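K.L.:
In case you want the letters, here they are:
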Amino acid sequence: MVPPQARDYIGLSPAAAALATELRLGLPGTEEADLEGSGVAEPLTLELLPKGGAKRGFAEAVVGDPAGQRRGAAVDEEEEEKKKKAQAPAAKAQVVGWPPIRSYRKNTMALNQPALKGKDSDEAKQATASGCLYVKVSMDGAPYLRKVDLKIYKNYKELSLALEKMFSCFTVGHSESNGKLGRDNGLSDCRLIDLKNGIELVLTYEDKDGDWMLVGDVPWRMFTDSCKRLRIMKGPDAVGLGKYRYCSGTILSSTGN
Amino acid sequence: MGFGPGRSQSFFLVLAAARSEKLGGRGSHVQIGYEWQMCFFVCLLISCWFLGERNNLETGRKRIPSCSSSSKAVLGEGTMTYFPEEVVEHIFSFLPAQRDRNTVSLVCKVWYEIERLSRRSVFVGNCYAVRAERVALRFPNVRALTVKGKPHFADFNLVPPDWGGYAGPWIEAAARGCVGLEELRMKRMVVSDESLELLSRSFPRFRALVLISCEGFSTDGLAAIASHCKLLSELDLQENEVEDRGPRWLSCFPDSCTSLVSLNFACIKGEVNAGLNLSYAPTLDASDLTKMISRCVKLQRLWVLDCISDKGLQVVASSCKDLQELRVFPSDFYVAGYSAVTEEGLVAISLGCPKLNSLLYFCHQMTNAALITVAKNCPNFTRFRLCILEPGKPDVMTNQPLDEGFGAIVRECKGLRRLSISGLLTDKVFMYIGKYAKQLEMLSIAFAGDSDKGMMHVMNGCKNLRKLEIRDSPFGDAALLGNVAKYETMRSLWMSSCNVTLKGCQVLASKMPMLNIEVINEWDGCNEMEENHGELPKVEKLYVYRTTAGARDDAPNFVKIL
Numbered sequence: 064m065v066p067p068q069a070r071d072y073i074g075l076s077p078a079a080a081a082l083a084t085e086l087r088l089g090l091p092g093t094e095e096a097d098l099e100g101s102g103v104a105e106p107l108t109l110e111l112l113p114k115g116g117a118k119r120g121f122a123e124a125v126v127g128d129p130a131g132q133r134r135g136a137a138v139d140e141e142e143e144e145k146k147k148k149a150q151a152p153a154a155k156a157q158v159v160g161w162p163p164i165r166s167y168r169k170n171t172m173a174l175n176q177p178a179l180k181g182k183d184s185d186e187a188k189q190a191t192a193s194g195c196l197y198v199k200v201s202m203d204g205a206p207y208l209r210k211v212d213l214k215i216y217k218n219y220k221e222l223s224l225a226l227e228k229m230f231s232c233f234t235v236g237h238s239e240s241n242g243k244l245g246r247d248n249g250l251s252d253c254r255l256i257d258l259k260n261g262i263e264l265v266l267t268y269e270d271k272d273g274d275w276m277l278v279g280d281v282p283w284r285m286f287t288d289s290c291k292r293l294r295i296m297k298g299p300d301a302v303g304l305g306k307y308r309y310c311s312g313t314i315l316s317s318t319g320n
Numbered sequence: 045m046g047f048g049p050g051r052s053q054s055f056f057l058v059l060a061a062a063r064s065e066k067l068g069g070r071g072s073h074v075q076i077g078y079e080w081q082m083c084f085f086v087c088l089l090i091s092c093w094f095l096g097e098r099n100n101l102e103t104g105r106k107r108i109p110s111c112s113s114s115s116k117a118v119l120g121e122g123t124m125t126y127f128p129e130e131v132v133e134h135i136f137s138f139l140p141a142q143r144d145r146n147t148v149s150l151v152c153k154v155w156y157e158i159e160r161l162s163r164r165s166v167f168v169g170n171c172y173a174v175r176a177e178r179v180a181l182r183f184p185n186v187r188a189l190t191v192k193g194k195p196h197f198a199d200f201n202l203v204p205p206d207w208g209g210y211a212g213p214w215i216e217a218a219a220r221g222c223v224g225l226e227e228l229r230m231k232r233m234v235v236s237d238e239s240l241e242l243l244s245r246s247f248p249r250f251r252a253l254v255l256i257s258c259e260g261f262s263t264d265g266l267a268a269i270a271s272h273c274k275l276l277s278e279l280d281l282q283e284n285e286v287e288d289r290g291p292r293w294l295s296c297f298p299d300s301c302t303s304l305v306s307l308n309f310a311c312i313k314g315e316v317n318a319g320l321n322l323s324y325a326p327t328l329d330a331s332d333l334t335k336m337i338s339r340c341v342k343l344q345r346l347w348v349l350d351c352i353s354d355k356g357l358q359v360v361a362s363s364c365k366d367l368q369e370l371r372v373f374p375s376d377f378y379v380a381g382y383s384a385v386t387e388e389g390l391v392a393i394s395l396g397c398p399k400l401n402s403l404l405y406f407c408h409q410m411t412n413a414a415l416i417t418v419a420k421n422c423p424n425f426t427r428f429r430l431c432i433l434e435p436g437k438p439d440v441m442t443n444q445p446l447d448e449g450f451g452a453i454v455r456e457c458k459g460l461r462r463l464s465i466s467g468l469l470t471d472k473v474f475m476y477i478g479k480y481a482k483q484l485e486m487l488s489i490a491f492a493g494d495s496d497k498g499m500m501h502v503m504n505g506c507k508n509l510r511k512l513e514i515r516d517s518p519f520g521d522a523a524l525l526g527n528v529a530k531y532e533t534m535r536s537l538w539m540s541s542c543n544v545t546l547k548g549c550q551v552l553a554s555k556m557p558m559l560n561i562e563v564i565n566e567w568d569g570c571n572e573m574e575e576n577h578g579e580l581p582k583v584e585k586l587y588v589y590r591t592t593a594g595a596r597d598d599a600p601n602f603v604k605i606l
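Listed in order, the protein sequences are those of chains H and Y.
Last residue of the first sequence: 320 (my numbering), numbering continuous.
Last residue of the second sequence: 606 (my numbering), numbering continuous.
Everything labelled a hint here was simulated from the structure, so no lab data went into it.
Among the clues, some could well be false.
As the list claims (entries may be wrong) - Pairs of lysine to aspartate or glutamate, EDC-like flavour, derived with a Cα cap of 16 Å:
| hint | chain 1 | residue 1 | chain 2 | residue 2 |
| --- | --- | --- | --- | --- |
| 1 | H | Lys210 | Y | Glu285 |
| 2 | H | Lys291 | H | Asp274 |
| 3 | Y | Lys274 | Y | Glu226 |
| 4 | H | Lys169 | H | Asp212 |
| 5 | Y | Lys274 | Y | Glu227 |
| 6 | H | Lys169 | Y | Glu283 |
| 7 | Y | Lys511 | Y | Glu485 |
| 8 | Y | Lys497 | Y | Glu532 |
| 9 | H | Lys169 | Y | Asp199 |
| 10 | H | Lys228 | H | Asp212 |
| 11 | H | Lys169 | Y | Asp366 |
| 12 | H | Lys210 | Y | Asp206 |
| 13 | H | Lys291 | H | Glu269 |
| 14 | Y | Lys497 | Y | Asp471 |
| 15 | H | Lys199 | Y | Asp206 |
As the list claims (entries may be wrong) - Chain Y side only, calculated, beta carbon under 10 Å to chain H, not exhaustive:
| hint | residue |
| --- | --- |
| 16 | Ser165 |
| 17 | Phe167 |
| 18 | Pro205 |
| 19 | Gln282 |
| 20 | Glu285 |
| 21 | Tyr324 |
| 22 | Phe373 |
| 23 | Pro374 |
| 24 | Phe491 |
| 25 | Ser540 |
| 26 | Pro600 |
As the list claims (entries may be wrong) - Sample of chain Y residues lacking proximity to chain H, with all beta carbon distances greater than 10 Å (derived):
| hint | residue |
| --- | --- |
| 27 | Val254 |
| 28 | Ser295 |
| 29 | Lys420 |
| 30 | Pro435 |
| 31 | Thr470 |
| 32 | Ala490 |
| 33 | Ala599 |
This one's a predicted model, so the numbers in the text were calculated from it and none came from an experiment.
Note that the Cβ used here is the ideal one computed from N, Cα and C, for glycine as well.
Could you build the full structure based on these sequences and the hints that come with them?
P.N.:
Right under this line is the structure:
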């Protein structure tokens, strides 16, 4: 069985991107070293502008979580199968505002997708979340909110990386776990760090019942179905939750602990 | 019956005035060839003269006192005021186009006054190009007002929320100064319920509201419109973000009202002649769809999803010989590689529908050969928008850039007014555009070009360019500053994720004070990043537009107006 090859969505620098986005199947933890080494830990920036600096990252490029990192959940197996079948890259870079279609149309079409043609039904299911499309994201201390479309992400890691990019101006970075955390893929995938102070931020969401929950506990799709808004917490409010995280394993922060 | 001294004096005076843009107050930004002016005014004078001689007009309206006194003072005896304003106004009524009316208002103060008081329809392409109060003061008798707000790329989420484009000032100014308003059209503006409430109460003859791609209001605002606008005959809501507070608003319409609301519909029975919009209907089976369309032989406008496939487009091509506008939308944006329509469908359409003049086509692949064929078959394109879904994708057969294909389009379609390009493109395509697209008014560029030269070709060559919007292309300060005078002839320029620096924007601002240079960086904290990186900070999003209103006072903190 040939592992599916992810192609660079833009197609302009296939050689450079190929290794970084190569999908692998396997047990958790076995490929970590390889993947880290090939730079997949950093979000891909699409090198469309040769003169552009690396910090530009105009595209909210998200790294598709290589299939190999999926652990356990039945939901993930279905996705793995789909990835095997599909020619399309699973690591689909979503460029902001592309294709140039009005949000109104995008949202309406997305809602209509379940009724669509059979061969893409898996993809269609993936793309549809009944209810939540754009949700507000607030960050403690930031003067204004953002909105994200949860449907364009496939898993917690993509969401977390996108949030990091979105709030990077507030010196939020991504903290990499070293992967030895067992099943807690959701929680470990959502580690955000206040780079200035080295404290970890906590990503929470408000669900349909109005309760504030920690992001990462439930399977991705269950999360997107029930998430109404997101909040990045820091400071004393987060202490209780943060402690929980610190206990789960070692954390690498940019302050080099 | 010859030209006496008085009339020839006024003739030359009028010509002199026409050449000077300073007389008669500030019209809009118009560029008219001198020859055209000559012809127009000669005809006008001759017709005025005839009408004046025969003296055979109804004089129902009062003379405008300020008009005649100021005119006598400024122009003296034996001038155009020989003809009563009703005559001039009557002549102006044959000039409905805003550009023509702007022109006549530049001739002299008298004509300016006559024109502005008789103007019925005002179009404001950029709500920040002029102050709302000024428009209301100048045109107190306006009946139909159209205002546009956000730049076009706001449709694709490239403009941050809260950027601006508020309808409030416009509705307030009109409520104060233009009580005869009957129609309001707004596009990409932020409209509040309070504004809709004010609208519904301020204009007793109000009858038509059209909101396209607007936001900020709820069904409560619509309820106010329905309840208080007794003469409402048209309510057209397209692709707005409306907060739905329940269906109560629908029952607020009086029984006598015939209102039209845009609907999405999934199936049509019977024949359709004018237009068919199936672009929200993915559930239609492809064969049912093509069967239905094959019956619509008089169809002029068709909007469909790409699940119609190339085969379906061939059916359209063989059935719909009157087709003028075609839009093919992608049905699944998140999967690359699956293509329901290709270049073949487009070629088929071009072969079968020679009257086609407006195209919006989303596809996954294209070839130069196909575009060249399309250009030859359909030289009548006025709007040609091709979106190849993968940015930077080359000709799928030859792997070459699509320069030649688009080059053929601009070369053959001499009346092209709007163009959107995509795929792999070098500076060469811009050379073609600058060389051939002389009627082009709006150009959309994404992921294209190699260097500043590309943008410069366009700026220097496209004489009628009004709107230029660019994203993710390697154009920098040299291109931005290469032809600064051009911006005064354009409505706006948008550049995002290009290579323009803050310094370049500052230079432009200092050279062109009549422009607003809006630098949109979404994060205040980015100043830190700039310092840390020590390189010239690149501007994330740039919006440049001409204005008489100066820097706007409603800009959010992430917009810096230089």
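K.L.:
Indicate, hint by hint, whether the structure satisfies it.
P.N.:
Hint by hint, here is what the structure shows:
no.	hint	in the structure
1	Lys210(H) to Glu285(Y)	holds (15 Å)
2	Lys291(H) to Asp274(H)	holds (10 Å)
3	Lys274(Y) to Glu226(Y)	holds (12 Å)
4	Lys169(H) to Asp212(H)	holds (11 Å)
5	Lys274(Y) to Glu227(Y)	holds (13 Å)
6	Lys169(H) to Glu283(Y)	holds (11 Å)
7	Lys511(Y) to Glu485(Y)	holds (6 Å)
8	Lys497(Y) to Glu532(Y)	violated (21 Å)
9	Lys169(H) to Asp199(Y)	holds (11 Å)
10	Lys228(H) to Asp212(H)	holds (14 Å)
11	Lys169(H) to Asp366(Y)	violated (30 Å)
12	Lys210(H) to Asp206(Y)	holds (12 Å)
13	Lys291(H) to Glu269(H)	holds (5 Å)
14	Lys497(Y) to Asp471(Y)	holds (7 Å)
15	Lys199(H) to Asp206(Y)	holds (14 Å)
16	Ser165	violated (27 Å)
17	Phe167	violated (22 Å)
18	Pro205	holds (7 Å)
19	Gln282	holds (9 Å)
20	Glu285	holds (7 Å)
21	Tyr324	holds (6 Å)
22	Phe373	holds (7 Å)
23	Pro374	holds (6 Å)
24	Phe491	holds (6 Å)
25	Ser540	holds (8 Å)
26	Pro600	holds (8 Å)
27	Val254	holds (16 Å)
28	Ser295	holds (25 Å)
29	Lys420	holds (27 Å)
30	Pro435	violated (6 Å)
31	Thr470	holds (13 Å)
32	Ala490	violated (7 Å)
33	Ala599	holds (14 Å)
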